[in-house]
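**Student:** Residue-level listing of the chains:
2 protein chains.
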Amino acid sequence: MTTEQLISQIKIKKSFLCVGLDVDLDKIPTHLLELEDPIFEFNKAIIDATHDLAVAYKPNIAFFEAYGIKGWLSLKKTINYINENYPDIFTIADAKRGDIGNTSAMYAKAFFEDLNFDSITVAPYMGKDSVEPFLAFENKHTIMLALTSNVGAFDFQTLQVDGKELYKHVLETAKTWKNSQNLMYVVGATKAEYFTEIRKIVPDSFLLVPGIGAQGGSLSEVCKYGMNANVGLLINSSRAIIYASKGTDFVVKARAEALQMQQEMEGILNVSFLK
Amino acid sequence: MTTEQLISQIKIKKSFLCVGLDVDLDKIPTHLLELEDPIFEFNKAIIDATHDLAVAYKPNIAFFEAYGIKGWLSLKKTINYINENYPDIFTIADAKRGDIGNTSAMYAKAFFEDLNFDSITVAPYMGKDSVEPFLAFENKHTIMLALTSNVGAFDFQTLQVDGKELYKHVLETAKTWKNSQNLMYVVGATKAEYFTEIRKIVPDSFLLVPGIGAQGGSLSEVCKYGMNANVGLLINSSRAIIYASKGTDFVVKARAEALQMQQEMEGILNVSFLK
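For the protein sequence lines, the chains are A and B, in the order given.
Taking the UniProt record's numbering, the leading residue of the first sequence gets 1, the next gets one more, and so forth.
Taking the UniProt record's numbering, the leading residue of the second sequence gets 1, the next gets one more, and so forth.
One or more hints might be untrue.
Claimed, not checked - Below, computed lysine-lysine pairings styled on BS3-like, alpha-carbon distance capped at 30 Å: (1) A:K13 / A:K200; (2) A:K44 / A:K178; (3) B:K76 / A:K27; (4) B:K76 / B:K14; (5) A:K164 / B:K27; (6) B:K275 / B:K200; (7) A:K246 / B:K178; (8) A:K178 / B:K164; (9) A:K44 / A:K246; (10) B:K275 / A:K175; (11) B:K70 / B:K175; (12) B:K70 / A:K44; (13) B:K109 / A:K70; (14) B:K76 / B:K246; (15) B:K109 / A:K77; (16) B:K175 / A:K76; (17) A:K109 / B:K175; (18) A:K13 / A:K275; (19) A:K76 / B:K200; (20) B:K70 / A:K70; (21) B:K109 / A:K44; (22) A:K77 / B:K70; (23) B:K175 / B:K140; (24) A:K76 / A:K164; (25) A:K27 / B:K14; (26) A:K140 / A:K246; (27) A:K164 / A:K13; (28) A:K175 / A:K140; (29) A:K178 / B:K224; (30) B:K140 / A:K200; (31) B:K224 / B:K253; (32) A:K70 / B:K246; (33) B:K76 / A:K164; (34) A:K175 / A:K200; (35) B:K27 / B:K253; (36) A:K109 / B:K109.
If you're looking for bench data, these hints aren't it; they were derived computationally from the structure.
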């Protein structure tokens, strides 16, 4: 999917919501556990109930890998289901990968080709040659960690390097890499005041924003400081939507949560943008 | 496996060699491609031919994921084969994982429980709560990136923070985390002179050292600056061993390469250590 197509979907749906699929068998409705592939069935139900309110889905790869081969099969079925039934959805493999060049090339192959995701999250620590193999794929997007939403973000990401924080160096350096137009960045919502500074470095890039809801971030604050002329934000919500209820009404409750977020977003979106 | 058991194996085998399993179907002998699971068959042959010369095997997870479900099955068969036939081998999932706490816990479950690896490589960028879920597993080892062997290592890892490089902050900070006795670190062989400084910070920890051979590092230099009283080094070699030949003699050639490395190591190992 191109960035233009993503922006177009945001206009059509009046939403920049991304639904995170972090499926834990201990947390889903128990009646699903009797089915052959409860993870896929849960995802399918959530997707069917929210696809008109969200522009992106973000399967969290750890939650599939934890179930071994079965989990990997559920992941494959989930991404195929989205691609076949809702081709306008932007898909994110939340995988936080990154390794030396020939290894990153294999991860890129796994997620962009074998699974056919539109994008993948990657970690920056190993530098340029660990990220560029992902950037080489046309119309695929590489979402690099910049400033994350967890407390550990303050261990290294905000260390001062030459008078400014490490995450700013990461952003400035990444902009110089080959095919950097294919980069997006992860910026946690729990640090809304940082968005002003980040937008000075990457004014046009899309930012994937976790941390709204369960982790305490505010949608209006993030939009106030982080939104650009093309919106430039994908706001992720995982647990607040997918675990809105553990009963047989989980689909209805998930939709209600997603609808509430979409309506908040519609209220924020600039009238001129939507024309 | 405990650290003591690993040290004991180094004494018995007079070796601190780790063989990296980065299996690319384009590079393995063509006669294997006719078999049902060429990746597993290749790994099995390499392991059978070198298990008395190596103390560790390191499947590179990207190279399995790139082949989708089939690759994941090959990974499962490979780790099971090692655990069942060579239980004294230390196994490393080279996965470079790391995410917010509940997600890292799922990765830990995937690699320590479902696949039953002894250790996993992780990335430090997200800080303490992204690594501690791995450290909570008893007799499992978490091998964190410190200073890597690729050129991108100089993008961020060596940035100056308060007068010293970022990777030193990473080492010093990680030492303060809960269960940090379960940490090992990745330090690239291409930067042998850095080992002196690193040993001042982590004198007792095991270091996993890629970059000998194909990437240009020198075994004797690394040992000179990086070895401690318990050896404290696992030297990885991937391509130089597993792709020593593409012909039907690949097993013989792989063993010859591994033997040469083991003999170099035996020559370096202190006589008093081996008693």
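**Student:** Has the given pair, A:K13 with A:K275, been kept, meaning a C-alpha gap of at most 30 Å?
**Tutor:** holds (13 Å)
**Student:** Please verify whether A:K175 and A:K200 have alpha carbons no more than 30 Å apart.
**Tutor:** holds (12 Å)
**Student:** For the pair we were handed, A:K13 and A:K200, check the Cα-Cα distance against 30 Å.
**Tutor:** holds (28 Å)
**Student:** For a C-alpha distance cap of 30 Å, please report whether B:K109 and A:K77 respect it.
**Tutor:** Between B:K109 and A:K77 the Cα gap is close to 22 Å, so the pair holds against 30 Å.
**Student:** With a cut-off of 30 Å on the C-alpha distance, tell me whether B:K109 and A:K70 pass.
**Tutor:** Holds: B:K109 and A:K70 sit about 14 Å apart, inside 30 Å.
**Student:** Is it true that the CA of B:K275 sits at most 30 Å from the CA of A:K175?
**Tutor:** The hint is violated at about 55 Å.
**Student:** Holds or violated: are the alpha carbons of A:K164 and B:K27 at most 30 Å from each other?
**Tutor:** Given that 30 Å is the threshold and the Cα spacing comes to 45 Å, the pair is violated.
**Student:** Can the restraint linking A:K109 and B:K109 be considered satisfied, given a maximum Cα separation of 30 Å?
**Tutor:** holds (25 Å)
**Student:** Is the hinted pair A:K178 and B:K224 satisfied, with a Cα-Cα distance of at most 30 Å?
**Tutor:** Violated - the C-alpha atoms of B:K224 and A:K178 are around 38 Å apart, more than 30 Å.
**Student:** Between the alpha carbons of B:K76 and B:K14, is the straight-line distance 30 Å or under?
**Tutor:** Judged against 30 Å, a Cα distance of about 29 Å means the pair holds.
**Student:** Take a quick look at whether B:K224 and B:K253 sit within 30 Å of each other, Cα to Cα.
**Tutor:** Answer holds: B:K224 to B:K253 is near 28 Å, not above 30 Å.
**Student:** Within a Cα-Cα threshold of 30 Å, do A:K178 and B:K164 meet the stated pairing?
**Tutor:** holds (29 Å)
In terms of the numbered hints stated before, the structure departs from hints 2, 5, 7, 10, 11, 16, 17, 19, 24, 25, 26, 27, 29, 30, 32, 33, listed from lowest to highest.
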